[in-house]
Amino acid sequence: MSAPSNSNFSRRTALRAALGLAAAGGLAACGGNNGRGGGSGSGVGLNQYFHAYGEAGTEQAVKKYAKAYKDANVTTQWITAADFENKLFATLLTDNAPDLFEFHPQIQMVRSGQVADLTDIIEPVKDDFNPADIASHTVDGKTYGVRMIDDPQFFFYRPSLFEKAGVKVPETLDELIEAAAKLTTGKVKGLYLGNDLHAVINPMIWSAGADTLDEKNQIAYHTDGVVEGLKKMRSLFTSGDLLLGAPTDYWDPSALNQGLCAMQFCGMWAMPQFQQTLGDDVGVFPFPKVTADGKPSVYNGGWSMFVNAKGKNVDAAKEYVKWLWIDQKEYQEDWATSYGFHIPPRTSIAEQATKLKSGLPAEGVKLFNEFGHFDNIGWTQAMITALEDVFANCVRKGGDPEAALDKADAAVGRELKKLFG
Amino acid sequence: MSTTSELDLASPAPAKASPARSRRGLRGNSTFNFWLFTGPFLIGLAIFIYVPIGWSVYLSFFEARFTVTPEKFIGLDNYRHMLTNDDFVGSLGTFTVFAAFIVPTTWALSLGLALLVNRLRFMRAFFRSVFFLPTAVSYVAAALIWKMSIFSGVRFGLMNTVLSWFGIENIAWLADPNPPWYWLVIVSARLWLQSGFYMILFIAALQNIPAELYEAAAIDGAKRGWQTFRYITLPQLRATSTAVILLLLVAAYQAFDEFYNLLDKTTWGRPPLVELYLKALGENQDYGAGSAGAVILTVLICAVTLFQGRLMGFGRGDESK
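Protein chains in written order, with our numbering: chain F, 1 to 421; chain Y, 1 to 321.
Mixed in with the good hints, there may be bad ones.
What the hints assert, rightly or not - In silico PhoX-like cross-links for lysine-lysine, where the CA-CA straight-line distance does not exceed 25 angstroms:
(1) F:K295 to F:K168
(2) Y:K265 to F:K231
(3) Y:K265 to F:K87
(4) F:K322 to F:K63
(5) F:K407 to F:K397
(6) Y:K72 to F:K310
(7) F:K329 to F:K366
(8) F:K312 to F:K142
(9) F:K417 to Y:K72
(10) F:K397 to Y:K265
(11) F:K232 to Y:K265
(12) Y:K265 to F:K407
(13) Y:K72 to F:K418
(14) F:K216 to F:K418
If you are wondering where the hints come from, they were derived from the structure by calculation, not from laboratory data.
When you get a sec, could you build the whole thing from the sequences and use the hints?
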């Protein structure tokens with residue numbers, strides 16, 4: 001600096017220094033906003049990520065639970081993007097990572113040390129949880145997530161339209177395709193599976209008598225049955241009986257509710273909205289069997305809470321998860337049945353949930369119990385994407401199923417090798 | 001220093017001492033002033049541009065999964081992986097073809113708009129604004145409008161409604177890649193978003209062409225219209241055209257927003273940047289391979305730009321004449 005050598009320390013020099021400081025300060029200020037908020041100053045601040053649920057009141061509910069917690073100031077980020085997982089994965093690497101977040105069990109998050117071991121908070125109530133939900137969150141005897149809700153996915157249909165078209169509930173994929181053709185009229189398409197059809201990938205694999213991975217974590221989806229299923233899906237895609245390019249995706253009940261289609265693949269969560277719009281004129285059925293030796297299937301999806309193991313407040317976050325998702329049974333039931341319908345993973349709450357005991361919800365629960373397949377923690381996002389590419393390449397684009405599956409094998413194999421050696 | 005002495009000469013003698021003295025503080029130390037004015041900008045540039053570029057070059061030599069501070073050096077493995085990755089190499093190919101189509105199309109459309117607007121006798125400012133306004137629209141917002149209202153696949157989508165007047169069946173514009181209608185959606189969105197900006201550049205250049213040239217041409221017997229355009233206007237726009245084409249080329253390879261939003265979860269029509277995004281920031285979180293791809297893409301963009309610059313003589317001294 002020239003300032004010391006200058007005999008009169010003028011106001012210009014002072015101004016220069018001030019400018020320099022301001023520039024540096026402006027840059028430093030960029031790091032200030034970490035989304036945690038100021039809060040009242042009492043206790044620790046925790047930040048949680050939720051994907052935007054479609055049902056009214058859900059965001060308020062999550063915030064209400066958080067507010068009721070006294071030991072920490074919990075703020076909620078309600079992520080509206082369709083690619084929740086991309087956003088979550090990216091922020092988990094930064095200092096702005098949430099302290100806790102909802103997601104699905106995936107082993108790569110365990111292997112990379114991103115999710116904290118929650119065994120100690122789950123252990124006391126382990127027997128109250130659906131054993132399948134515990135199993136899907138457990139690696140080497142340690143449990144890494146607390147299941148909040150189970151969401152079986154299946155078809156919703158309009159019995160009145162079935163009657164008019166002389167169609168019965170399909171029991172095979174061929175019958176589903178046939179039904180879609182008969183139900184298609186000038187203004188109504190027979191079937192809606194979402195714009196990218198990705199929601200039915202796993203059900204189709206299971207209904208073809210195959211699986212994503214076997215018990216030894218080896219590829220189990222590359223079978224003749226799956227190839228047959230892919231070819232049938234291609235014929236359905238090109239039949240003109242499928243609703244495509246709808247403004248909302250499969251998880252939103254609008255397509256069936258607005259009369260755009262006669263059958264829609266959706267989930268338990270949307271049941272209240274279907275019933276509200278269609279009254280009694282709505283039924284459910286599982287993904288029908290694809291091959292003669294296959295079996296109908298239902299994907300028991302859902303959401304679980306995880307704690308960011310690299311966060312600053314791991315213990316406080318664990319305490320909050322324990323408080324809300326283990327101890328507060330009233331909130332857990334509220335969350336599962338007051339907005340969309342979800343099946344509570346805890347037996348004691350499921351038994352009390354009167355809303356799920358009769359009528360259509362009871363049928364949904366029956367499909368969940370009878371045909372349900374839970375998440376496999378070894379089946380990670382990269383593998384999910386690999387099979388989405390298979391569907392994109394051969395069902396939507398018309399490529400050869402064998403070639404597409406071979407390509408997926410390479411991608412899944414690379415991932416399996418990294419995770420299991 | 002020369003300015004100071006000029007000032008001294010110009011100023012009357014008594015007033016000379018004090019003002020010149022205080023000014024010397026600011027004027028005399030030009031090096032310091034240079035850094036004062038460019039410093040903040042350079043710091044920003046370094047932190048937000050050069051450090052990330054350097055870091056991604058660094059990352060590209062490491063096994064960087066789920067981390068941006070990797071430890072395992074793997075040499076050129078990431079480059080090998082990306083260059084043998086069909087999706088990435090394929091998208092580079094597709095987008096070279098895309099660039100070869102979209103660059104001349106946008107160039108021609110924005111030049112056409114500029115010529116039309118420039119010839120208007122009234123409401124010129126209005127039309128200039130109308131065509132320029134889409135530039136201010138967010139790509140994401142435009143993509144959503146294109147996807148959900150104009151090119152929605154259901155019967156009440158705008159295009160399907162129009163087609164149904166002529167008895168044409170509903171078309172799933174974006175969901176079904178055969179036939180590839182999605183290019184129509186993307187190209188129309190892109191032209192709508194981009195041509196206005198380049199139109200403004202062309203209008204500015206058109207207004208810079210001296211009227212005497214046209215007069216001289218008219219006196220020499222050049223016909224109005226095509227002949228004048230071909231031999232006067234077009235050569236005069238050469239510098240602007242070169243710059244526009246250069247910007248368009250870079251933009252074509254850097255396409256992201258509208259593709260990402262319009263072609264969600266497809267395996268087709270993915271620009272290189274979407275591939276890299278999925279690789280690095282997506283579920284794979286493979287920052288090493290993603291960075292290697294980014295370096296490859298940068299080198300490619302530089303090469304294409306330099307080649308184009310050489311071809312059209314960008315930066316040559318006489319190009320503005």
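Hint-by-hint comparison with the structure:
no., hint, in the structure
1, F:K295 to F:K168, "holds (18 angstroms)"
2, Y:K265 to F:K231, "holds (20 angstroms)"
3, Y:K265 to F:K87, "holds (15 angstroms)"
4, F:K322 to F:K63, "holds (17 angstroms)"
5, F:K407 to F:K397, "holds (15 angstroms)"
6, Y:K72 to F:K310, "holds (20 angstroms)"
7, F:K329 to F:K366, "holds (23 angstroms)"
8, F:K312 to F:K142, "holds (22 angstroms)"
9, F:K417 to Y:K72, "holds (18 angstroms)"
10, F:K397 to Y:K265, "holds (13 angstroms)"
11, F:K232 to Y:K265, "holds (21 angstroms)"
12, Y:K265 to F:K407, "holds (17 angstroms)"
13, Y:K72 to F:K418, "holds (15 angstroms)"
14, F:K216 to F:K418, "holds (15 angstroms)"
This entry satisfies every hint, going by the numbered hints stated previously.
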